[in-house]
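Asks: Letter by letter, the chains look like this.
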Amino acid sequence: MSIILDHVSHVYGDDTTLAVKALDDISLVIPDGQFIGLIGHTGSGKSTLVQHLNGLLCATSGSIYFDGQDIDDEDFNKKELRSKVGLVFQYPEHQLFEVDVFSDVCFGPKNLGLSKKETELRAYEALKKVGLPDECFYQSPFDLSGGQKRRVAIAGVLAMKPQVLILDEPTAGLDPKGREEILGQICKLKEESNITVILVSHSMEDVAEYVERILVMNQGRIMYDDVPKEVFKHYKELEEVGLAAPQVTYIMHNLKKAGLRVDENATTIKEAAREVYRVLTERTRTL
Amino acid sequence: MVIKMSIIKTDKLVFEYIRRDEDGNVEGITRAVDEVTLKIKQGDFIAILGHNGSGKSTLAKHMNAILCPTEGSIWVDGRDTREESEVWNIRQTAGMVFQNPDNQIIGQVVEEDVGFGPENMGVPTAEIWERVEESLKAVGMYKFRKYSPNKLSGGQKQRVSIAGVLAMHPKCIVLDEPTAMLDPNGRKEVIRAVRALNDVENVTVILITHYMEEIIHADKVFVMDKGRIAMQGTPREIFSKVEELKELRLDVPQVTLLAYELQKKGIALPDGILSIEELTDEIIQYSRREGR
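Protein chains in written order, with numbering that gives the first Met the number 0: chain Z, 0 to 286; chain X, 0 to 291.
Derived by calculation from the structure, the hints in this document are not laboratory data. There could be a bad hint or two in this list.
What the hints assert, rightly or not - Keeping only pairs whose Cα atoms sit at most 27 Å apart, straight-line, the calculated BS3-like set for lysine-lysine is:
| hint | chain 1 | residue 1 | chain 2 | residue 2 |
| --- | --- | --- | --- | --- |
| 1 | Z | K269 | X | K11 |
| 2 | Z | K127 | X | K219 |
| 3 | Z | K256 | X | K187 |
| 4 | Z | K176 | X | K142 |
| 5 | Z | K187 | X | K245 |
| 6 | Z | K20 | X | K142 |
| 7 | Z | K269 | X | K245 |
| 8 | Z | K232 | Z | K83 |
| 9 | Z | K176 | X | K263 |
| 10 | X | K263 | Z | K255 |
| 11 | Z | K176 | X | K245 |
| 12 | Z | K176 | X | K264 |
| 13 | X | K264 | Z | K269 |
| 14 | Z | K228 | X | K263 |
| 15 | X | K264 | Z | K256 |
| 16 | X | K245 | Z | K128 |
| 17 | X | K187 | Z | K228 |
| 18 | Z | K189 | X | K263 |
| 19 | Z | K269 | X | K240 |
| 20 | Z | K176 | X | K225 |
| 21 | X | K225 | Z | K228 |
| 22 | X | K245 | X | K219 |
| 23 | X | K263 | Z | K269 |
| 24 | Z | K255 | X | K264 |
| 25 | X | K40 | Z | K176 |
| 26 | Z | K232 | X | K11 |
| 27 | X | K264 | X | K225 |
Since we're looking at a predicted model, the values are computed, not measured.
Throw the hints in and build the complete structure from the sequences for me.
Replies: This is the structure:
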C-alpha cells in the first residue's frame with residue numbers, strides 16, 4: 000500500500016493575486032509499515048502535505064499514486080481512499096459529537112455501510128486498541144479527561160481500519176504522562192497491525208524517541224528525509240528554519256567539543272546515558 | 000527598602016463544579032480545587048505544573064475573578080474577589096492569556112487589538128497610543144503594529160495577546176498554557192517575552208505549562224494534583240524529585256532526566272540539574288576529577 004508523490008505542488012488561491020505556494024515540487028515514497036515523523040515550523044506546509052495523502056486537497060501539479068493508482072483519475076474511488084488513509088486532525092476531540100463514546104466511534108464504520116454487528120465489533124476493537132477503560136464506553140465523550148477524549152477520537156479513525164494513519168500533533172495540550180501514553184499506544188498499534196504511521200509533531204524529543212524516518216519541511220519543500228540520527232546532525236540548520244534538535248543532541252555536541260570521546264549522534268536519553276557512562280568509566284580505567 | 004507584598008493570597012480556597020442532568024438535577028459534584036492556601040509575592044515568576052484535570056486552570060481562573068470560590072477566599076492585590084464592586088479593579092490588576100491565540104484577538108490591525116483593553120478602561124486617546132507602543136515594544140512586536148493579526152504566526156499572535164494584557168498595566172499576568180499550540184520557535188519567542196516582562200517591568204508572572212523546560216527560570220514552582228498543592232519549591236528542588244513527579248504524571252526536562260539516569264548508573268552528579276550548559280560542565284568536571 001505504498002504512497003508515491005511525484006513532483007507534487009500545491010498553490011492556494013492559484014488564479015488570484017494572493018497565490019501562496021504551499022507545496023513546492025515534492026517527490027516522496029512512503030512504503031508500507033513505516034513510522035514517519037513530519038516536522039517543520041508553522042506554515043511550512045506539513046498540514047497541506049498530509050491533506051493530499053487522503054485526497055482532501057488536490058495537487059495543483061504533479062501526481063499522487065496510492066498502491067500504484069493515480070488518485071486523481073476519474074475512476075479512482077476517493078471514498079475508499081479516505082477509509083484507507085485515516086487522518087486525525089489537531090485537537091480531534093473537538094469533533095466528538097455523539098451521546099456516548101461507543102456511538103461516536105461507530106459513526107465512521109457505520110458510514111462505510113457496514114452491518115451493525117461489524118460496526119460494533121470494529122468500534123469495540125478500536126476502543127480497546129487505544130486503551131480506553133470499559134467503564135467509559137457508555138459515558139458522554141464530553142465528561143472524559145483531555146487525554147481520554149483524544150483517544151476516543153483516534154479510535155474513531157481506527158475503526159475505519161486504515162492502512163495509513165496520519166496524526167497531526169496528537170499530543171498537543173496533553174500532560175507529559177498523557178503524551179507518553181498516546182505515543183506508546185500508537186507505537187504498539189503500529190507493531191501489532193503493521194500500518195504506516197505518519198506523526199506530525201513539534202516535539203523533537205518525541206520524534207527522536209519513536210520514529211524511524213524523519214521528513215523535515217521548510218517553505219513547502221522537503222529539507223531533510225532521513226533517519227533521526229542523520230537529521231539531527233544538522234541541528235544548526237534546523238535552528239535556522241525555526242526548529243531544534245532534542246536537548247540531548249546539544250549536550251552530546253557540547254561534550255564532544257570539550258574533548259570527551261562520545262558519539263555525538265545519540266538522540267534519545269537512553270543512548271546518551273549509555274554513551275556518557277561508557278566514556279566516563281572508560282576514562283577512569285585507562286588513565 | 001522595598002517590601003514585597005503578596006499580590007495573590009488564597010486561604011483554603013475550594014471550588015466545586017456541579018454537574019447537572021437535563022432536568023437540572025444535581026448529578027455529581029467535582030471538587031476541582033481543594034483547600035489551596037498560597038501566597039504569591041509581587042514581582043515573582045511563578046510556575047504551576049500539574050497533569051490534565053489537576054485543577055491548575057480552575058485555580059488560575061480565580062486569579063482574575065472569572066470564577067469565584069465555593070469556599071475559602073482569594074485576595075488579588077488585597078481585594079476579595081467575591082466583592083462584586085471590585086471585579087473590574089481585579090481584572091485590571093491581573094490579566095489573563097489563554098492557550099489559543101485565535102480566540103483572544105479581536106482587532107483587524109495589531110495596534111487596534113492592543114488598544115482595545117485600555118480603550119475600554121476609558122484611558123485618554125493619547126495615552127492609549129503610548130501604552131500600545133510600549134506594550135508592543137516590550138514583547139518585540141512593534142514593527143508588526145500595522146499588520147493584520149491573521150498574517151502572523153502563532154507565536155507572534157500570542158505575543159500580541161500578551162501586549163493586549165500589558166497595555167492595561169496589570170501588576171500580574173496569568174498565562175494558561177500559552178505555548179501549547181506553538182512550534183519550538185514560537186514557544187521560545189513567547190517565553191522570552193514573558194521573562195522580559197518579569198525582569199524588566201517587574202510584572203508578576205504566573206505561568207501554567209506542560210513544558211518542563213519553560214519553567215527552569217521560575218522563582219517558585221507549585222505542582223498541583225487532585226486540586227491540592229502537592230509540591231512546591233524552586234525548580235531545582237522540584238526537579239530533583241524525578242520519581243515523585245512521574246507519579247504525578249509529570250516529567251522533568253530532558254537534561255535533568257539524563258543527569259538522573261547517569262546518577263542511577265553511579266556517576267556522582269548533583270541533583271536537579273536544569274540547563275544544557277550546567278550538565279555539560281558537571282560531566283566535564285567529573286571526567287577530570289575521575290581522570291586524575
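Asks: Now, for every hint given, state plainly whether the structure supports it.
Replies: Hints, verified against the model:
| no. | hint | verdict |
| --- | --- | --- |
| 1 | K269(Z) x K11(X) | violated (43 Å) |
| 2 | K127(Z) x K219(X) | violated (41 Å) |
| 3 | K256(Z) x K187(X) | holds (25 Å) |
| 4 | K176(Z) x K142(X) | violated (40 Å) |
| 5 | K187(Z) x K245(X) | holds (21 Å) |
| 6 | K20(Z) x K142(X) | holds (25 Å) |
| 7 | K269(Z) x K245(X) | holds (17 Å) |
| 8 | K232(Z) x K83(Z) | violated (35 Å) |
| 9 | K176(Z) x K263(X) | holds (21 Å) |
| 10 | K263(X) x K255(Z) | holds (22 Å) |
| 11 | K176(Z) x K245(X) | holds (8 Å) |
| 12 | K176(Z) x K264(X) | holds (24 Å) |
| 13 | K264(X) x K269(Z) | holds (12 Å) |
| 14 | K228(Z) x K263(X) | holds (25 Å) |
| 15 | K264(X) x K256(Z) | holds (24 Å) |
| 16 | K245(X) x K128(Z) | holds (24 Å) |
| 17 | K187(X) x K228(Z) | holds (24 Å) |
| 18 | K189(Z) x K263(X) | violated (32 Å) |
| 19 | K269(Z) x K240(X) | holds (19 Å) |
| 20 | K176(Z) x K225(X) | holds (15 Å) |
| 21 | K225(X) x K228(Z) | violated (40 Å) |
| 22 | K245(X) x K219(X) | holds (19 Å) |
| 23 | K263(X) x K269(Z) | holds (12 Å) |
| 24 | K255(Z) x K264(X) | holds (21 Å) |
| 25 | K40(X) x K176(Z) | violated (31 Å) |
| 26 | K232(Z) x K11(X) | violated (52 Å) |
| 27 | K264(X) x K225(X) | violated (34 Å) |
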